[in-house]
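S.K.: The primary structure of each chain is shown beneath.
Protein chains: 2
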Amino acid sequence: MQVYEAPLRDMAFVLNELHADDGFGDLEALSEFTPDLTGAILEEAAKVAQEVLLPLNRSGDIEGCTLENGVVRTPKGFKEAYDMFREGGWCALASDPEWGGQGLPEAVNKLTEEMICSANLSFSLYPGLTHGATTAIEGYASDELKQAYLPKMVSGEWSGTMCLTEPHCGTDLGMLRTKAVPQDDGSYKLTGAKIFISAGEHDLTENIVHLVLARMPDAPPGVKGISLFLVPKYLPKDDGTPGAANGVSVQAIEHKMGLKASATCQLNFEDSVGWLVGKPHKGMEAMFTMMNTERVSVGIQGLGVGEAAYQSAVWYAKDRVQGRSLSGVKNPDGPADPIIVHPDVRRMLMTMRAYNEGSRAIGAWVARALDAERYSSDPEVKARAQDFIALMTPVVKALFTDLGHEAAHLAVQVYGGHGYIAESGVEQFARDARIAMIYEGTNGIQALDLVGRKMPAHMGRYLRSFFHPVAAFVEANKEDADFAKMIEGLEKAFGALQLSTGTIAQKGMKDPEEAAAAATDYLRLIGLVAMGYTFAKAALIARAKLAEGAEDAAFYKAKITTARFFFDRLLPQATAAFLAIKSGKSSMMELEADAF
Amino acid sequence: MQVYEAPLRDMAFVLNELHADDGFGDLEALSEFTPDLTGAILEEAAKVAQEVLLPLNRSGDIEGCTLENGVVRTPKGFKEAYDMFREGGWCALASDPEWGGQGLPEAVNKLTEEMICSANLSFSLYPGLTHGATTAIEGYASDELKQAYLPKMVSGEWSGTMCLTEPHCGTDLGMLRTKAVPQDDGSYKLTGAKIFISAGEHDLTENIVHLVLARMPDAPPGVKGISLFLVPKYLPKDDGTPGAANGVSVQAIEHKMGLKASATCQLNFEDSVGWLVGKPHKGMEAMFTMMNTERVSVGIQGLGVGEAAYQSAVWYAKDRVQGRSLSGVKNPDGPADPIIVHPDVRRMLMTMRAYNEGSRAIGAWVARALDAERYSSDPEVKARAQDFIALMTPVVKALFTDLGHEAAHLAVQVYGGHGYIAESGVEQFARDARIAMIYEGTNGIQALDLVGRKMPAHMGRYLRSFFHPVAAFVEANKEDADFAKMIEGLEKAFGALQLSTGTIAQKGMKDPEEAAAAATDYLRLIGLVAMGYTFAKAALIARAKLAEGAEDAAFYKAKITTARFFFDRLLPQATAAFLAIKSGKSSMMELEADAF
Numbered sequence: 001m002q003v004y005e006a007p008l009r010d011m012a013f014v015l016n017e018l019h020a021d022d023g024f025g026d027l028e029a030l031s032e033f034t035p036d037l038t039g040a041i042l043e044e045a046a047k048v049a050q051e052v053l054l055p056l057n058r059s060g061d062i063e064g065c066t067l068e069n070g071v072v073r074t075p076k077g078f079k080e081a082y083d084m085f086r087e088g089g090w091c092a093l094a095s096d097p098e099w100g101g102q103g104l105p106e107a108v109n110k111l112t113e114e115m116i117c118s119a120n121l122s123f124s125l126y127p128g129l130t131h132g133a134t135t136a137i138e139g140y141a142s143d144e145l146k147q148a149y150l151p152k153m154v155s156g157e158w159s160g161t162m163c164l165t166e167p168h169c170g171t172d173l174g175m176l177r178t179k180a181v182p183q184d185d186g187s188y189k190l191t192g193a194k195i196f197i198s199a200g201e202h203d204l205t206e207n208i209v210h211l212v213l214a215r216m217p218d219a220p221p222g223v224k225g226i227s228l229f230l231v232p233k234y235l236p237k238d239d240g241t242p243g244a245a246n247g248v249s250v251q252a253i254e255h256k257m258g259l260k261a262s263a264t265c266q267l268n269f270e271d272s273v274g275w276l277v278g279k280p281h282k283g284m285e286a287m288f289t290m291m292n293t294e295r296v297s298v299g300i301q302g303l304g305v306g307e308a309a310y311q312s313a314v315w316y317a318k319d320r321v322q323g324r325s326l327s328g329v330k331n332p333d334g335p336a337d338p339i340i341v342h343p344d345v346r347r348m349l350m351t352m353r354a355y356n357e358g359s360r361a362i363g364a365w366v367a368r369a370l371d372a373e374r375y376s377s378d379p380e381v382k383a384r385a386q387d388f389i390a391l392m393t394p395v396v397k398a399l400f401t402d403l404g405h406e407a408a409h410l411a412v413q414v415y416g417g418h419g420y421i422a423e424s425g426v427e428q429f430a431r432d433a434r435i436a437m438i439y440e441g442t443n444g445i446q447a448l449d450l451v452g453r454k455m456p457a458h459m460g461r462y463l464r465s466f467f468h469p470v471a472a473f474v475e476a477n478k479e480d481a482d483f484a485k486m487i488e489g490l491e492k493a494f495g496a497l498q499l500s501t502g503t504i505a506q507k508g509m510k511d512p513e514e515a516a517a518a519a520t521d522y523l524r525l526i527g528l529v530a531m532g533y534t535f536a537k538a539a540l541i542a543r544a545k546l547a548e549g550a551e552d553a554a555f556y557k558a559k560i561t562t563a564r565f566f567f568d569r570l571l572p573q574a575t576a577a578f579l580a581i582k583s584g585k586s587s588m589m590e591l592e593a594d595a596f
Numbered sequence: 001m002q003v004y005e006a007p008l009r010d011m012a013f014v015l016n017e018l019h020a021d022d023g024f025g026d027l028e029a030l031s032e033f034t035p036d037l038t039g040a041i042l043e044e045a046a047k048v049a050q051e052v053l054l055p056l057n058r059s060g061d062i063e064g065c066t067l068e069n070g071v072v073r074t075p076k077g078f079k080e081a082y083d084m085f086r087e088g089g090w091c092a093l094a095s096d097p098e099w100g101g102q103g104l105p106e107a108v109n110k111l112t113e114e115m116i117c118s119a120n121l122s123f124s125l126y127p128g129l130t131h132g133a134t135t136a137i138e139g140y141a142s143d144e145l146k147q148a149y150l151p152k153m154v155s156g157e158w159s160g161t162m163c164l165t166e167p168h169c170g171t172d173l174g175m176l177r178t179k180a181v182p183q184d185d186g187s188y189k190l191t192g193a194k195i196f197i198s199a200g201e202h203d204l205t206e207n208i209v210h211l212v213l214a215r216m217p218d219a220p221p222g223v224k225g226i227s228l229f230l231v232p233k234y235l236p237k238d239d240g241t242p243g244a245a246n247g248v249s250v251q252a253i254e255h256k257m258g259l260k261a262s263a264t265c266q267l268n269f270e271d272s273v274g275w276l277v278g279k280p281h282k283g284m285e286a287m288f289t290m291m292n293t294e295r296v297s298v299g300i301q302g303l304g305v306g307e308a309a310y311q312s313a314v315w316y317a318k319d320r321v322q323g324r325s326l327s328g329v330k331n332p333d334g335p336a337d338p339i340i341v342h343p344d345v346r347r348m349l350m351t352m353r354a355y356n357e358g359s360r361a362i363g364a365w366v367a368r369a370l371d372a373e374r375y376s377s378d379p380e381v382k383a384r385a386q387d388f389i390a391l392m393t394p395v396v397k398a399l400f401t402d403l404g405h406e407a408a409h410l411a412v413q414v415y416g417g418h419g420y421i422a423e424s425g426v427e428q429f430a431r432d433a434r435i436a437m438i439y440e441g442t443n444g445i446q447a448l449d450l451v452g453r454k455m456p457a458h459m460g461r462y463l464r465s466f467f468h469p470v471a472a473f474v475e476a477n478k479e480d481a482d483f484a485k486m487i488e489g490l491e492k493a494f495g496a497l498q499l500s501t502g503t504i505a506q507k508g509m510k511d512p513e514e515a516a517a518a519a520t521d522y523l524r525l526i527g528l529v530a531m532g533y534t535f536a537k538a539a540l541i542a543r544a545k546l547a548e549g550a551e552d553a554a555f556y557k558a559k560i561t562t563a564r565f566f567f568d569r570l571l572p573q574a575t576a577a578f579l580a581i582k583s584g585k586s587s588m589m590e591l592e593a594d595a596f
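Chains as they are written, first to last, in UniProt numbering: chain U, 1 to 596; chain R, 1 to 596.
What the hints contain is simulated information worked out from the structure, not anything from laboratory work.
Heads up, some of the hints might be wrong.
Note that identical chains are pooled: a pair holds if it fits in a single copy or bridges any two copies.
Restricting the straight-line Cα-Cα distance to at most 27 Å, the calculated cross-link-like pairs of lysine-lysine (DSSO-like) are [claimed, not checked]:
1) Lys224 / Lys189
2) Lys582 / Lys485
3) Lys585 / Lys557
4) Lys585 / Lys492
Chain U extracted, bound-state conformation (with noise of 0.2 Å):
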């Protein structure tokens, strides 16, 4: 069964909480958002999740989306939830208050993001996108196309999408061919075909509004010659509203693993009127404007998916009878002990609930830093919270979705047979998340980014943005007595990083396949010293929160015991990838291609 409530309390944890000394708070442009009032935000999100969305994700899956006469529908529903969702302001939650956003802070923001992910994947994609366009916009779109089109996107009247790929280019975009050409009037006309749109085509909004890359005539070649364009499905009238067709039509919607209640759609564009955003053959710059803000989102994708399957196991595993504790009988009344009782369960669960802890906790830090880039007075934290986002947004983007994977994953497991059959809804879990190890850069292409340009970038600047403040806490807390096991976890993980950031470097250096072949296990290990720096960091906060007597010491029993879970069980993960970062690279890269 698909069961879901939104984890508040954690949420208020990471928000309030956690991260109080991280220098990225107390920004005055938010002093408005006070803990009340994000808390009653966030307890209204979660309504909205809860009882809009989740009734939704499986029918949704089972419905999928449908393309008939070059129109897509998506399952039933889903309109009306999305209705429910604009007039309740939810699209313009985190936009700018100049397009009729709500400026909210990022920090309260993706915690949002993560119950809508949670509660239903597949929806998340359509306002999802449309944010995500009109961050490109807002940064690069002339005064008149923000005009006439960021008031629309911003209430989410209208969508947006992102068209990159190409059927022969994904990554490389270097080779896209998409056409767009020079119109008297200054518009362009675009042709060309592009292929894993997502809400490409769907019946939740009168306008689609596409951010297509394509290639002027007189382009450089490769990613030098790139262009953005902003191509709506429907050019608007005079008025603003809807008007006639502009050339953009579905070829097909894609039959996919998962995510099935949103519409992955293959467009064609022909002669569609295009305006240019940004400038000539700069269209990469704005594509990652937007991207980057994305792959945070994407994080978070992977997130609420782990803590949805997470709540669904849990529930499950006290609700199956099967066996009895080793440690003796539990449930005497009835015919066998739920299976809570048993270790491997346990071990399952401890690490779906550690992974989501983990990950929240760093998605909160990463949110508070792109709040203080954009918000902060004093430009010396403002430069450090944009070297800590540049770093760990590969980061945040393919760890998160590796481990909301692997819990879905686990949540099949606990359920058994069970987990293999639709109805349970944990298999449709495993198959929706998988998706975000993939899009918007695949998780290798996230390690290479962090191994190719976030580390060596300035000297490796951007690193000491995470690796000063997890010294600091080592150097502050060696003598803990309490936590002796987790400090000291946390410096040998740290320090096998410090190692391997080294060896990559100096290798790297004389060999970029040396860095390339410790990318993706680079990036795990960092990933999970930072959790383990924002586990001790909770563990300590538990610790003294009980000592002040605090009303829910449940909560702070559990965070220390998580955490402790943690180092326990986790935590060794790094070592084996440091030992394989070691290795370099001989044994990979050795076979020609023909000897596979």
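Given the coordinates of chain U, assemble chain R onto it according to the supplied hints.
M.R.: Only chain R this time, still in chain U's reference frame:
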């Protein structure tokens, strides 16, 4: 694209070269099965897999099985393929000649099973379940039942099932409720509901023979009151052909994550006539005979899908061009290089490759033990083979299916966005492979079998059947200069395994939850050591063959590289497993169920 060509060279290697010194070979009774003959059989099996079964894999997934008016139809082409398979004698391959079988050594048979599972996992279940059922009948049924059923089942004219699970009990069979009421003629009438019955109903054979666990009226409670019954779908007439229907009806077929061409049925038995197999109340014993055979076969299923996933990923990685090699352009005439040049793609391909070759090597070793157990004239060899099989059965089941799923998961990642689309065929591998981690006892149950039953049995005697050859190998090759890293790595991991064994034995004696908390990590650890041992052995053999100037130098060179990759990149997981085991149960078991 689903690509598969049976890896005949590696199969010949594990069959004829790798284990020549294990003491399980040179069986008089199997002397006719020379490498020439077994090579010819494997080549024929490869043709059936590649030409008959593979083309039905994806179509079978798309179409699935259907239930209409109580009749289950398999997908188009399955009936014809099954007839061809049966007529070719492939159903009877490993069965006893006494019942019309061909008495093929298990060492060869398991390789044909791998091929069938690579080509079409859903199809493999129909003959696979039948073979499992014949094993139980051969071992436990009366002569009369054997005469009436075995010839038709061995030939594949009739198929078989295992009916264990009921809606409220799977792992905990003690709770099962199906009733068997004795009749005056010595038969029983069975009434009850069973679920998850693979091949429970279908249109491939004229009769289906169900082996059903049920409880007699006077049965003691729990697992000690369960008996095994043979219940045909149609009661045989005097001439042996199927006669009257026997009260077995299909309530539903399950909608599953994958394995869609395999009919998973909810069966209802209503006053169905059955005959006792084995002794009253001793059904679990007979069922475990069948289940142990099946568990090794399910392990092979994991390997089979892993191999097909690997080959399909290799095909794509050579075909798809995207980006340029970091070490210089490799495909100057194309717009980009094939993605196999990229280290992170290599990492995934090599991981799949190493897991598959490592599993195949272990599987062949266990299969040789199965032959020695049956045919050896030396009681010492026989006893050692039995010990080794007992120990390795849960390892083969859980390790191979974990890694097979991992391989399929990686194949999806190699394909990127295309891997998430059904058309690519690789997401099917991931969905299909998922079930093998669950059925025939979840992988968590396998781990408990390993630490709870196999490890402590006879004061660790089973373990010695594995520890002795590994220790001897390490000792004999300690000074090897070429492969120092491998031998040291193996020695270290083996040391961690021995330490873990001691820790678990000691802690588990006082507190069985300690052993259970360590179980999954311990199974992975022993699996990694077994893989390390077979890879190191393989590397030594390959070096010798190369020194001799063997013809297929490319094969042996690649074997050494793959072995090195295993030690560099995969064996380090052993350290993580060791550390996790060492941490004990406390943080895993501490949370009250309510705190979840």
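S.K.: Look at each hint and say if it fits the structure.
M.R.: Cross-check of the supplied hints:
no. : hint            : result
1   : Lys224 / Lys189 : within (20 Å within a copy, 78 Å between copies)
2   : Lys582 / Lys485 : both (25 Å within a copy, 13 Å between copies)
3   : Lys585 / Lys557 : between (44 Å within a copy, 17 Å between copies)
4   : Lys585 / Lys492 : both (24 Å within a copy, 22 Å between copies)
The structure agrees with every numbered hint stated previously.
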